[in-house]
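Can you join these two chains into the complex? Each is in its own frame, and there are hints to help.
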Amino acid sequence: SQTIHQWPATLVQPVGSPLSLECTVEGTSNPNLYWYRQAAGRGLQLLFYSVGIGQISSEVPQNLSASRPQDRQFILSSKKLLLSDSGFYLCAWSRGLAGNREQFFGPGTRLTVL
Amino acid sequence: AQSVTQLGSHVSVSEGALVLLRCNYSSSVPPYLFWYVQYPNQGLQLLLKYTSAATLVKGINGFEAEFKKSETSFHLTKPSAHMSDAAEYFCAVSDGSGGSNYKLTFGKGTLLTVNP
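Quick note, the sequences are listed as chains A and B, same order.
Just so we're aligned: 1 in this note's numbering is position 1 of the first sequence, and the numbers increase by one with no gaps anywhere.
So this note's numbering is basically just the index in the second sequence, starting at one, shifted up by 1000.
Think of the hints as simulated: they come from the structure by calculation, not from any bench.
No experiment lies behind these values; they were computed from the predicted model shown.
We put the CB at the ideal spot given by N, CA and C, even for glycine.
Check the hints yourself; a few may be wrong.
Label-pair restraints from in silico Cβ distances [unchecked claim]:
1) A:73 x B:1054: 34 to 44 Å
2) A:39 x B:1062: 27 to 37 Å
3) A:9 x B:1111: 17 to 27 Å
If we strip away everything but chain B, and leave its shape as in the complex, we get (with noise of 0.2 Å):
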């Protein structure tokens, strides 16, 4: 079965600071990873996927997130967080197995503060 952990429910920055959330994933097969990113009132908006070709994935907003199979994480990170960042992001996990190709399996999600 594959789950996904994100460390920290909560991550607060300072504008221009690095920003990182963190991810890692449980999947018996090689997975797909995604981040997603939800303003508040809004639907997920997708970031940024990895579907097994480079393992440093490069998303919109100058995000980007690395696949580390040795430590099953998927870390999402910006080098210089705006104002505009704030929301709550999301990692899910697609891995096939079970007869669930069509399902994903998200994090509690992490929100993102950046103060100015």
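Here chain A stands alone, though its shape is the one from the complex (with noise of 0.2 Å):
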């Protein structure tokens, strides 16, 4: 079966210092991934999704950026954190093409900018 892996699960974080979330899946190959961000109220918001290493698509402009150096390894990074960048980070995998289009996801990353 299929698991996916986010660390760490909480991190405080003062303004201006770097970020680096990451997330692994296991069980499967090739999958799509995604990074979304929850605020308080504001439901998910895509920021990130890859469909293979080194294919990163960005939806939205931020200080933030993603990597996935290995098949099955996202990574979530920023330089300087702001303020706004606190809020619960989750990572989704999917299969591709052939699947059904559904979204697995991780347990998440709590972040609080001080």
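This is the structure:
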């Protein structure tokens, strides 16, 4: 069966510090990968998605970036965090073109920027 | 472009009462539709999905949803609420238009409270 991991689970960072959140998927190959941010009362905002190694699509302009160095690894980064980067970050995966498009979510990372 | 509207950001029911969470979608082509549930400080869990087969879809935990093309709706129901159903529920749509085969568009969510 497939599993998805995210770490860390919680993170408190000062404004201006760097960020690195990691997501890995097990039990599948060549998944589509996604990063979402969830702010209070605002639903899920898609930040990035990737259909393959080194292929990153950005959905919103921001000071965040994403990378996919390996097939089942997806990393969210920032060089300098802003207060507005606080939120709950969710990683998700889905099967490729042959799938039914449902996405499977990780447990999330709670980020607080002070 | 696809979009989802969830009517009611907060729904409160009594234990044992009917649960009805509303979702309307906008799509230029036949959509795939999903309901997810999120418990506090957890990721989203898929409840059920519609993928152009039967219009009445049954999911986990006794939930079901009916796809109504004429009303562009995909409302989520459960005959009898349980305390453990208290969570936030998200409706999502994927229509694959505009090269967006890989993306879901989520509603803003409905927080369900179950009163004893």
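Okay, the hints, checked on the actual structure:
Restraint check, residue 73 of chain A to residue 1054 of chain B: a C-beta distance of roughly 37 Å satisfies the suggested window 34 to 44 Å. Under the hint 27 to 37 Å, the C-beta atoms of residue 39 of chain A and residue 1062 of chain B, about 31 Å apart, fit the expected range. Judged by the Cβ atoms, the range 17 to 27 Å given for residue 9 of chain A and residue 1111 of chain B holds: they are separated by roughly 22 Å.
Of the numbered hints given earlier, the model fails none.
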